[in-house]
Amino acid sequence: MSDTPFSRFLGDFRKNKVATGAAIVVALIVVLAVIAPLVTPQNPYDLAHLVLRDARRPPGYVGSAGYTHWLGTDSQGRDLLSAIIYGLRISLQMGVIAGAVAFALGALVGCAAAYVGGRVESLAMRLVDLQLSFPAILLAFVMAALFGQGRSQLILALIFAQYAYFARTAHGAAAAERQKDYVEAALSIPLSPWRVVFKHMLPNSLPPLIVVATVQIASAISLEATLSFLGVGLPPSEPSLGMLIANGFQYLLSGRYWISIYPGLALILFIVSLNLVGDQIRDQLNPRLHR
Amino acid sequence: MFGFLLQRAWQACIVVVAMSVLVFCGVHAVGNPVDVLISPDATQDIRASVIAQYGFDQPLWRQYLGFVGRLIHSDFGRSFVYNMPVSELILSRLPATLELTLAAVLFASLVGVPIGMYAGYRPHSFVSRAIMALSILGFSVPTFWFGLMLIMIFAVQCGCMPAGGRGETVSLFGTEFSFLTADGLSHLVLPALNLALFKFSLMIRLARAGTRELMLSDTVKFARAAGISEFTILRRHVLRLISIPLVTVFGLEFGSTLAFAVVTETIFSWPGLGKLIIDSITSLDRPVMVAYLMLIALLFTLINLVVDLTYALLDPRLRKGRA
Numbered sequence: 001m002s003d004t005p006f007s008r009f010l011g012d013f014r015k016n017k018v019a020t021g022a023a024i025v026v027a028l029i030v031v032l033a034v035i036a037p038l039v040t041p042q043n044p045y046d047l048a049h050l051v052l053r054d055a056r057r058p059p060g061y062v063g064s065a066g067y068t069h070w071l072g073t074d075s076q077g078r079d080l081l082s083a084i085i086y087g088l089r090i091s092l093q094m095g096v097i098a099g100a101v102a103f104a105l106g107a108l109v110g111c112a113a114a115y116v117g118g119r120v121e122s123l124a125m126r127l128v129d130l131q132l133s134f135p136a137i138l139l140a141f142v143m144a145a146l147f148g149q150g151r152s153q154l155i156l157a158l159i160f161a162q163y164a165y166f167a168r169t170a171h172g173a174a175a176a177e178r179q180k181d182y183v184e185a186a187l188s189i190p191l192s193p194w195r196v197v198f199k200h201m202l203p204n205s206l207p208p209l210i211v212v213a214t215v216q217i218a219s220a221i222s223l224e225a226t227l228s229f230l231g232v233g234l235p236p237s238e239p240s241l242g243m244l245i246a247n248g249f250q251y252l253l254s255g256r257y258w259i260s261i262y263p264g265l266a267l268i269l270f271i272v273s274l275n276l277v278g279d280q281i282r283d284q285l286n287p288r289l290h291r
Numbered sequence: 001m002f003g004f005l006l007q008r009a010w011q012a013c014i015v016v017v018a019m020s021v022l023v024f025c026g027v028h029a030v031g032n033p034v035d036v037l038i039s040p041d042a043t044q045d046i047r048a049s050v051i052a053q054y055g056f057d058q059p060l061w062r063q064y065l066g067f068v069g070r071l072i073h074s075d076f077g078r079s080f081v082y083n084m085p086v087s088e089l090i091l092s093r094l095p096a097t098l099e100l101t102l103a104a105v106l107f108a109s110l111v112g113v114p115i116g117m118y119a120g121y122r123p124h125s126f127v128s129r130a131i132m133a134l135s136i137l138g139f140s141v142p143t144f145w146f147g148l149m150l151i152m153i154f155a156v157q158c159g160c161m162p163a164g165g166r167g168e169t170v171s172l173f174g175t176e177f178s179f180l181t182a183d184g185l186s187h188l189v190l191p192a193l194n195l196a197l198f199k200f201s202l203m204i205r206l207a208r209a210g211t212r213e214l215m216l217s218d219t220v221k222f223a224r225a226a227g228i229s230e231f232t233i234l235r236r237h238v239l240r241l242i243s244i245p246l247v248t249v250f251g252l253e254f255g256s257t258l259a260f261a262v263v264t265e266t267i268f269s270w271p272g273l274g275k276l277i278i279d280s281i282t283s284l285d286r287p288v289m290v291a292y293l294m295l296i297a298l299l300f301t302l303i304n305l306v307v308d309l310t311y312a313l314l315d316p317r318l319r320k321g322r323a
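Which chain is which? The protein sequence lines are A and B, in order. Residue numbering for the first sequence follows my numbering, starting at 1 and increasing by one per position. Residue numbering for the second sequence follows my numbering, starting at 1 and increasing by one per position.
Extracted from the complex, chain A is given alone in its bound form:
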């Protein structure tokens, strides 16, 4: 095997058993979510497949369609396992889209501010700091409340709540790169500012951004679930995991635990795995731990 930085990185990663396991879980969940229609016994949002007689049945119940509901059914007779996999699909979509846009926006703001410098830099970073002083959940909650229900509105709220983390990180890294000789050299050739920012400063600021990204995608998914649970997130027609848990809440008190618990366990498994992978990447990219 060739000794590229990436293959060395993979080799180091594999040494941590827990993180490797977590990475496998994340990969499995992503694959499951992507191929959901092929693996689930039922399309939980096709009303023609729902039988009200099967509603609120405990795990292991054999439904009228002939197959076993391993995780039980919800209040409308949906197979919970199918609903969870479809819910993961929506949660993952929201997390990845919001995370990716926030990443791009934050990296752009941070790097551009570091490049331009001066008053623009301090003003932009002051705004970012100001935003960081508010908790993300509060910002997302307020934004979601102001924008109203809906997929794109929720994504906007999540981006707004999260881009500042990327901007701060990108700015820190890019400001350090800006001082280095190779950037000065590139500027004095002269290469265009765009080229210097995107081809030189940004790629060298990527490692800390990647660490922030794993954490922020996990937190976007968690935020989305929380907002949907509170009723300011996705509309009921697009049930993410948070919505499934919220729907099960009223049945929890009458002992029908499975409607809320299993979606929650799926959510936690996903978030914990993402965080473990993120922790490991952070440790590996942190130069202070390698001396």
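Source of the hints: derived by calculation from the structure; they are not laboratory data. Certain hints may be false.
What the hints assert, rightly or not - Which bits of chain A does chain B cover? Going by a derived footprint, with three or more residues having C-beta under 8 Å, they are:
| # | region |
| --- | --- |
| 1 | 76-90 |
| 2 | 218-226 |
| 3 | 268-277 |
No residue lacks a Cβ here, since even glycine has one placed at the ideal position from N, Cα and C.
For chain A, the structure is supplied; the task is to place chain B on it using the hints.
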């Protein structure tokens, strides 16, 4: 120093004004409160008169100026739903939220810090590893789901704790408090635990990191050489030194705990501010929404200002002002 103070205070004022414009316009972009206020079969005349009464026919900037004008006289308007002054409504809900938040933050620090110190003191023992694993879980488990689990285990399965509400309250200085009665206390335990979870994990991690670093320092080495007992070293030296960053985080996190109270209050039907804002969003109660958001904006601006000024007091380099 005075110049720095003035500059920061001025910036804070600008932030609050900008927030007020944002909040006001944002809230007015959502839904039409006229539909909530008037029954659908009201005549055109009644509709027009109600619209005029609330000033909805005015252009937005004029509504905003009117809002600011009333604000100066500390009048937040009347809630559409409860039909009482918003300031009274918020003041009546505030103690419940503060009580819950305070209980959660106190629990997180009083229990979390000793546990974290233990984990830092013996970083390689099995118990410490278990503590750290649990704290990762504490970071990852969404607050709302943890709340559901608490209800399921303690209220539904074993039936030893109430699932929601505030229980019996005692009036003290004109406000109601839960923690003074046994019934109220039992109602407080689960929501407080739920709200504390995140801070709890945070405190454990911070205390552990600080203790671990300090145990290798000269201070501890010399204290040991002097024959001071390990417990005294931990209590008198380590705890004091790690408490400086802990107190900072404590202050900063108090605000975000208030924000998270929205989730906990919804689950445990705790009659505080968070529940009020959720209800007012679903019922399009504009004055309450605006007042709540303004209050939060004001609170956070104030917290930031205090933090900035404290840092400036502690670190003279910051006083020269980075604009």
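Count residues of the region 218-226 of chain A with a Cβ under 8 Å from any Cβ of chain B, then say if the count reaches three. holds (count 4)
Counting residues of the region 76-90 of chain A that have a beta-carbon nearer than 8 Å to any beta-carbon of chain B, does the count reach 3? violated (count 0)
Quick check: do three or more residues in the region 268-277 of chain A have a beta carbon closer than 8 Å to a beta carbon of chain B? holds (count 5)
Hint compliance for this structure: hint 1 is the single one not met.
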